[in-house]
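Chain residues, written in single-letter form:
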Amino acid sequence: MNSQRFRTLIILAVAVVFVMSLPVVTQQAQAHKAKHSPEQLKAFEDLFMEQVRIGDLLFHGDAATEKKMGTNLSKTGMACAMCHPFASDTHPYEFPKFQEQINKFSTLRDMINWCIEKPNEGEKLDPDSDAMKALEAYIYWSNRGSKLAPGTH
Amino acid sequence: MSRDRREWKTRDREREGSGTVPGMSRRTFISGALAAGAAAIGHGLIPGISIIDLAYGAESFSFAWISDTHLYPKTLNTRFVEKAERAINDVKNMKPAPDFLIFGGDLAQLGDPKELQLGAELLDQISIKKHFIPGEHDWYLDMGETWGKMFGKPPWTFDHKGIRFIGLDTVSRGPDYWTAKKMTPAERMGHMATLDGSVAGPWAGLGPEQLQWMAATLSNWPKDKPVIVFSHNPLYEYYPPWNFWVRDWRQVHEILRPYQHVTNIHGHTHQVLYNEIGSMRSIGMLATSWTWPYPPEGVPVLTIPMVRVDPGDQFDGVGWGKINVPSSGKVAYEYMMWRKDVYAQSQVDSGTGDNDNQVLSPRVADRP
Ligand SMILES: [Fe+2]
Ligand SMILES: [Fe+2]
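Respectively, the protein sequence lines represent chains A and B. Positions -16 to 136 (our numbering) are the ones given, in order, by the first sequence. Positions 3 to 370 (our numbering) are the ones given, in order, by the second sequence.
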């Protein structure tokens, strides 16, 4: 064993011990060990619907929610819902796909940011931000009756 | 199988069983089939300008329509101002000049007197006669006080070159959703300005007195002479969740039924739209501000859908309308959209054709 590989092994071992010692990670590792209780399922759903609700308000340009989430989604007076009432024409079930205006293979989050930056002239979101996840939750929930059709245009 | 999956199945079956083009509901198909001349026109996708047998006038003339400018104060942003100005310039430069302009409502975005004032100033550049009907965005901050002072309140009527024109108010008689909840005028306006909100309810309608007024106004008009009715909302049941209708459309049709050449020209839907019910033809006009998508159901089978527009170009998919009324024969009607192709030539490029797979749900955040 050369010294390079030995060092890598040591680092890995230390990392594993460190990660195992984090209580939050230990908790995650136990997911699905016990049966789900109705309360637990209800809590999951409540959490989801709360995100849908926040996304709905952001999507409709609600100033108080924008302030709370620290977003600036539009400077043109346009809100998402003005082109997409009921989140229509957002086609979340078509992503990922080649998106013409972005000129690349894109996700729904890419498209949300395009709309924020171009028609709305707002400040684009970190793709992993809470606001982005809430918008995504609202758009998917509104279109949940549609069939998946990834890649279609 | 989860509840949602069952819902999909049911919806699929409904869609397959409807026997109409994709995205059309059974309800629309039936009302379309009852419409006079429906079979002759069909619902194919054709290019170009739509020439519509609108009515028969005594003398040839044209008029222009602008609506749905949705102006914010200039201090907030000028995007909608620029588009309104472009339409106003186009109308100003029409040669020969049209006989009059009809402004079809939603001049302001939030009913602010500053917005209405800005609209009046912009429209002042047009020197021909102007007629006004209000939209919901013009009304619910001060319940039409500023609008009434500046533009007068409909209904109104006038005869011009052999045609009886009627201007309706389809916005002011909404159910009171604000008093019990102690809303401020701005809150009341905010709900009214949210197309897919549920709080303002079925606000679009004529109301009993206005229906009576319309019947009386038409009573001395020969049944074979043309009538053109202007309204902000369409005078039929298109898509109630977005108030793409008037709730008392049945009574409206009852009054108009005996008249052989009735044309309804309306705003509010911000899209290319056409329907026929009995002897009434209904034409939806463009907004200058932005395009509403076609709703998930209810699009009349007689509508040739507009092309899918470029959301990166603020001048795409919007515009105004020109109506030419010759002394006899076909009347030409033109969507003055700032692009070459107005109508979709294939399903994939149409505003409805890409929605075959779309099933939508109403919002959650405005539910009590
Ligand atoms: Fe409008
Ligand atoms: Fe409207």
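Source of the hints: derived by calculation from the structure; they are not laboratory data. A quick note: this is a predicted structure, and the numbers were derived from the prediction, not measured. Hints should not be assumed to be uniformly reliable.
[Said to hold, decoys possible] With a Cα cut of at most 35 Å, we get these calculated DSBU-like pairs of lysine-lysine: (1) B:K163 with A:K50; (2) A:K58 with B:K94; (3) B:K225 with B:K131; (4) A:K25 with B:K184; (5) B:K97 with B:K151; (6) B:K76 with A:K58; (7) B:K342 with A:K130; (8) B:K225 with A:K58; (9) B:K97 with B:K131; (10) A:K58 with A:K18; (11) B:K342 with A:K87; (12) B:K151 with B:K94; (13) B:K183 with B:K163; (14) B:K183 with A:K51; (15) B:K97 with B:K183; (16) B:K116 with B:K225; (17) B:K155 with A:K58; (18) A:K101 with B:K131; (19) A:K101 with B:K225; (20) A:K101 with B:K94; (21) A:K50 with A:K25; (22) B:K151 with A:K58; (23) A:K107 with B:K116; (24) A:K58 with B:K132.
[As the list claims (entries may be wrong)] Some, not all, of what chain A presents toward chain B, calculated at C-beta under 10 Å: (25) L30; (26) I37; (27) Q84; (28) E104; (29) S125; (30) S129; (31) G134; (32) T135; (33) H136.
Glycine residues also receive a C-beta, built at the ideal position from the N, C-alpha and C atoms.
Against the structure, the hints:
With a CA separation close to 56 Å, the supplied pair K163 of chain B and K50 of chain A exceeds the 35 Å bound. For the given pair, K58 of chain A sits about 30 Å from K94 of chain B by alpha-carbon distance, which is consistent with the 35 Å threshold. For the hint linking K225 of chain B to K131 of chain B, the alpha-carbon distance of about 27 Å falls within 35 Å, and the restraint holds. Only pairs whose Cα atoms come within 35 Å are accepted, and K25 of chain A paired with K184 of chain B is accepted, the gap being roughly 33 Å.
Of the supplied pair hints, the one linking K97 of chain B and K151 of chain B holds, its CA atoms being roughly 32 Å apart against a limit of 35 Å. For the hint pairing K76 of chain B with K58 of chain A, the CA-to-CA distance comes to about 13 Å; that is within 35 Å, so the pair holds. Straight-line distance between C-alpha atoms of K342 of chain B and K130 of chain A comes to about 34 Å, which keeps the hinted pair within the 35 Å bound. For the hint pairing K225 of chain B with K58 of chain A, the CA-to-CA distance comes to about 52 Å; that exceeds 35 Å, so the pair is violated.
Of the pairs offered as hints, the one joining K97 of chain B and K131 of chain B holds, with about 16 Å between alpha carbons and a cut-off of 35 Å not exceeded. Restraint check for K58 of chain A and K18 of chain A: the C-alpha separation of about 48 Å exceeds 35 Å, so the hint is violated. Between K342 of chain B and K87 of chain A the alpha-carbon distance is near 27 Å, which keeps this suggested pair within the 35 Å criterion. Restraint check for K151 of chain B and K94 of chain B: the C-alpha separation of about 25 Å stays at or below 35 Å, so the hint holds.
Between the alpha carbons of K183 of chain B and K163 of chain B the distance comes to roughly 49 Å, so the proposed pair goes past 35 Å and is violated. Our distance criterion of 35 Å between C-alpha atoms is met by K183 of chain B and K51 of chain A, whose separation comes to about 24 Å. Of the supplied pair hints, the one linking K97 of chain B and K183 of chain B is violated, its CA atoms being roughly 52 Å apart against a limit of 35 Å. In summary, the hint linking K116 of chain B to K225 of chain B is not supported, as the alpha carbons are separated by about 43 Å, beyond the 35 Å threshold.
Distance check on the hinted pair: K155 of chain B and K58 of chain A sit about 33 Å apart at the alpha-carbon level, within 35 Å; holds. Of the pairs offered as hints, the one joining K101 of chain A and K131 of chain B is violated, with about 38 Å between alpha carbons and a cut-off of 35 Å exceeded. Using a Cα cut-off of 35 Å, the hinted pair K101 of chain A and K225 of chain B is violated, with the two alpha carbons roughly 52 Å apart. Among the hinted pairs, K101 of chain A with K94 of chain B is consistent with the structure: their alpha-carbon atoms are about 31 Å apart, no more than 35 Å.
The straight-line distance between the Cα atoms of K50 of chain A and K25 of chain A is roughly 29 Å, inside the 35 Å bound, and the hint therefore holds. Simply put, K151 of chain B and K58 of chain A have alpha-carbon atoms about 31 Å apart, close enough for the 35 Å limit, and the pair holds. A distance of roughly 31 Å separates the Cα atoms of K107 of chain A and K116 of chain B; the hinted pair therefore holds under the 35 Å criterion. Only pairs whose Cα atoms come within 35 Å are accepted, and K58 of chain A paired with K132 of chain B is accepted, the gap being roughly 32 Å.
Checking L30 of chain A against chain B by beta carbon gives a least distance of about 14 Å; that is not within 10 Å, so the hint is violated. Satisfaction of the interface hint for I37 of chain A is found here, the shortest Cβ-Cβ separation to chain B being roughly 8 Å, below the 10 Å cut-off. Restraint check, Q84 of chain A versus chain B: the minimum CB separation of about 5 Å is within 10 Å; hint holds. A distance limit of 10 Å between C-beta atoms decides the matter here; for E104 of chain A the minimum to chain B is near 9 Å, and the interface restraint holds.
For S125 of chain A, the suggested interface contact is upheld, since its CB lies about 5 Å from the closest CB of chain B, less than 10 Å. Given the 10 Å rule on beta carbons, the hint for S129 of chain A holds: about 5 Å separates it from the nearest Cβ of chain B. Using the Cβ-Cβ criterion of 10 Å, the hint placing G134 of chain A at the interface with chain B is not satisfied: the shortest such distance is roughly 12 Å. Checking T135 of chain A against chain B by beta carbon gives a least distance of about 8 Å; that is within 10 Å, so the hint holds.
Interface restraint check for H136 of chain A: the shortest CB-CB distance to chain B comes to about 7 Å, inside 10 Å, so the restraint holds.
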